[in-house]
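Colleague: Chains as they are written, first to last, in my numbering: chain A, 625 to 780; chain B, 6 to 272.
These are calculated hints, taken from the structure and not from any lab test.
This structure is a prediction, so every number in the text was calculated from the model and none was measured.
All the given hints hold, so there is nothing to weed out.
Short derived list, chain A residues pointing at chain B, Cβ under 10 Å:
#, residue
1, 668
2, 670
3, 675
4, 678
5, 684
6, 686
7, 691
8, 694
9, 701
10, 702
For every residue, glycine included, the Cβ atom is placed at its ideal position computed from N, Cα and C.
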Amino acid sequence: MDMDTSNYSRRNLWSGILFGLGMVAFIDETIFHQLLHWHHFYDKSTTSVGLVSDGLFHAFSWFATIGGLFLFADLRRRKSLVWKRWIGGIYLGAGVFQLYDGIIQHKIMRIHQIRYVDNVIIYDVIWNMIAAGMIVVGVILTIKTNNRQRSKEVAS
Amino acid sequence: MSLLTHIHHQAEIGGWTSQLLVVPFLLALLLYITGVKLSNGKYTKWPLKRTLLFTSGIIFAVIALAGPIAERAHVDFSYHMYAHLLLGMLAPLLLALSAPMTLLMRALSVNASRKLTRILKSKPISVVTDPAVATVLNIGGLWVLYTTALYEAMHQHVGLYLFVHFHVFLAGYLFTISMIYVDPTAHRRSYLYRTIVFILALAGHGILSKFIYSMPPKGVPVEQAESGAMVMYYGGDVIDGIILVILCYQWYKTTRPRALSEVALKG
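For reference, chain B alone in the conformation it holds in the complex (with noise of 0.2 Å):
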């Protein structure tokens, strides 16, 4: 490929693909105001906490695909895992934590949201929700994505561009919601069964990085895969060391002991 084919296809990425990419965060956005207002209409007040929440889960994510890091991402691979730490992690905590179905289900006649919830509770559901399935979704992608040739071939196909960046947003966040419950959730797996897979999934995370650290991903050069990779190793600790709180947290919650009375009516 000549080299000025290769700048007009950079050049195609970074201008006009990035803002559609933008275009479904800020129709979520819309989508969730509008929520928030018809559930107030019909419940208690919807907690501010929670559109903030989502507000700044959007933001994150708008920074990670429209903007200056977005725009030195494409060219530098250390502003890329800044940018896949907001978009695959940050930004779906974010989302994840502001119960978004929950405000669906308030939001949506009785008729829908309970054709809704049978949909939550089908099969395919509980299969992608499974803290395994999406941990290799998503985990497993960012794999295949910075050892093959993806990543070079994803700076050049639009297509591919907006699919890897649709895919690692979705994976991170269905990664998210397998393993902390704010919604309401059918298919619901034990705590302990969470723990493992969250500690192999960060493992391949961690190990991944080192991978990157010592081998850098295609027309990756050396120093940016360096740097990179240990923006990925530390960046992705601090996040998954947030939802190892919020998991615990839970976990401590749901074990709590029972009233002392009954405790002595026992004894």
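Bound conformation, chain A alone (with noise of 0.2 Å):
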């Protein structure tokens, strides 16, 4: 019983980190490329790494989200769902994909920008520090709901 609720426990986590992922990728996709056109498609100033990272990154998104929520549903007809430690994964999933994406891909790969404006310090600095804020909220979720799992256990 014990490594069942840990699997579980562990399986929302990843549920939430995969659906988290994948969801921010498709908000950057939807809303920054197709809807403002902030983002471009491809801005040629990419070197050949960025493009194969940009290219399994986005694969890898598409798998997430759909992967993620089969993973929702196993959880559910388990009856195993926390719903506060499947939040705290997407908080995590999209925090750090987005934090990869400021920082890797946008600065260091050079895959595309965020905008292109003079200053773009100031939307990478924004970028980044809500990417951050996502993975905060997403620890102390992850942590708060171990230590649920930990005093069920040892009551039960």
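Using the supplied hints, reconstruct the complex from the two chains, each of which is provided in its own coordinate frame.
Modeller: Here it is in structure tokens:
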């Protein structure tokens, strides 16, 4: 029984992380690329490594969105969904994706910039601060649900 | 090459070649319907849903090969990409979902279907239905087509044109059945392996689209390459998304928890 609980506890977190990552990728694609046209489809300053990394990440996030939701459905049918932990996972996945996107993909690999304006640094700072904020919330929720899980096990 | 012969070849490829490519697809449809008749005589009724899936798959393949979209595809790269999506992705998916091998097994005599099963279990079939091999044939083939002189050459040589189009369709079909199992499959691969290879294939497709955007294939104007690349990128995402949902759903179904009573006994 112990192993089952810890397995599902991990599954709650992973389902959230995958879905959070996929969700941010989706928002990025629809809002910043398609609607606002802040991001470019491909701005031709990208290195070939950047192009490969971008492609892999895009493919993985497509899988993460769909796979994360199926994991969520799996937790529900096993009656093992811990909402708080799942949402914590979403914050973690979303935050880590955005921070990676903001620092590695935008700044180091130069896949594209957030927006093509002067003082893009302001956008970069806000982008990465939001990412860091989401990670902090995610970590807090994860730790909190860790404790709750443990105290529950002790009680039973 | 003079302009005149160029136009002559273009006309040739647009005309009878397309009609030639359509023939096997129409034959396949005829065969499928005959199969349904034979199967219904022997077993329970073949689901209408599957016949409709097969028919729509054939229709999309035919739209890609003959008719207005196909005609424009010879001169406009973004239309070429629409045709490519229909022939290499959507048609194979619909045909795979219609379970043609299951129908064939039912329609054939017991002896014949045993022989067919033996062939399907053979080593060569095991190799080509491996997701990694199918991906190389499918995505690798596209890389060769769009990053070498092949794309331009294809529009000048009828033989190449026929070969490339059959390859695009067959590789697309092989790729689809290597990822999602609708027909009984002799050489099953784990869900994890299939998922990982699928993500790599999806990445390969996406990277190629952006590569086409930056480096148009020989003979393709920049604006057409850019819009075609975007058709390939987003269209590919849509159809690959459908395949991913089916793959995850099958995975979800196989990992369903045992009946509650069993769990209670174990606990």
